[in-house]
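Engineer: Below, each chain spelled out in residue letters.
There are 2 protein chains.
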Amino acid sequence: MDKVIVTPLKQIFHPKGDVYHGMKRSDPGYAGFGEAYFSTIHKGEIKGWKKHTRMTLNLIVVSGEIEFVVYDEAQKEFFSVKLSKNNYQRLTVKPGAWVAFRGTGEHNMLLNIADLEHDPQEAVNIPLEEIDYAW
Amino acid sequence: MDKVIVTPLKQIFHPKGDVYHGMKRSDPGYAGFGEAYFSTIHKGEIKGWKKHTRMTLNLIVVSGEIEFVVYDEAQKEFFSVKLSKNNYQRLTVKPGAWVAFRGTGEHNMLLNIADLEHDPQEAVNIPLEEIDYAW
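As you go down the protein sequences, you meet chains A and B in turn. Quick note on numbering: the working numbering labels position 41 of the first sequence as 41, and the sequence is numbered without any gaps. Quick note on numbering: the working numbering labels position 58 of the second sequence as 58, and the sequence is numbered without any gaps.
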């Protein structure tokens, strides 16, 4: 799917506490910096669907495990991936795709490095039932 | 101390999982985006001292609790603060200050939103004993 980029991230061992890469400005998917925020999702809960019309998302799972589903309405195409420290990758989602995510671990938290500051005007929310997906 | 800015951050309740602010490009302390990475610190361990000669740090405690100590060598002045979800603030550290931090909770992790990509040439490391502080 051309609406997403999945990029493996380094985990660097340190005896006092490890270091985990997030994003560099020279990385694939970087679209500028507007805002970084954290979102948590309780186990079994799903947030979505949301479509950003202008924002590029860069999603990194900080703790727990989160299943992301991206839907490209024009292509009628779904993409899904489960991210965690055990599958430590960054998910870039370009504007115009529908996104939903479900907590599948414990203490599930993501970081979104977005190229725009939060602006409710540029996002569209619809109920989960509006897009048929076998959760 | 003029080398640091401490900025309260919003925590937004959501029944499916809360949202935590990190940084907006319009926020105090924002100095540009170079890299975002996570660093963990085991309970009782201290990482430091490190002085960045060009990098501005923006430190947010994502989980656990971390005690930060900043030392301004020119002013012979110390600053310290313990950050966690219970004291949810961002610590901005300007270039030229010595920084060390200790894990004081469980699963201690910080996010650094730095204005430069990692470059070992711009940072100086010295052993903890080199700066006299009553840890």
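FYI, nobody ran anything at the bench for these hints, they're computed from the structure. The reader is advised that the hints may include incorrect statements.
[As the list claims (entries may be wrong)] The following label-pair restraints were derived from C-beta to C-beta distances:
no., chain 1, residue 1, chain 2, residue 2, range
1, A, E73, B, L128, 36 to 42 Å
2, A, P120, B, Q11, 15 to 21 Å
3, B, Q89, A, E73, 24 to 30 Å
4, B, F13, A, E117, 19 to 25 Å
[Said to hold, decoys possible] What the simulated footprint calls covered on chain B by chain A, stretch by stretch (three residues with Cβ under 8 Å from a Cβ of chain A suffice, anywhere in the stretch; the number is not a length):
no., region
5, 24–31
6, 76–88
7, 92–105
Even glycine gets a Cβ: it sits at the ideal position worked out from N, Cα and C.
Engineer: A separate judgement is required for each hint: does it hold in the structure or not?
Structural biologist: Evaluation of the provided hints:
no., hint, result
1, A/E73 to B/L128: 36 to 42 Å, "violated, 55 Å"
2, A/P120 to B/Q11: 15 to 21 Å, "holds, 19 Å"
3, B/Q89 to A/E73: 24 to 30 Å, "violated, 40 Å"
4, B/F13 to A/E117: 19 to 25 Å, "holds, 21 Å"
5, 24–31, "holds (count 3)"
6, 76–88, "violated (count 0)"
7, 92–105, "violated (count 1)"
Consistency note: the structure conflicts with the earlier hints numbered 1, 3, 6, 7.
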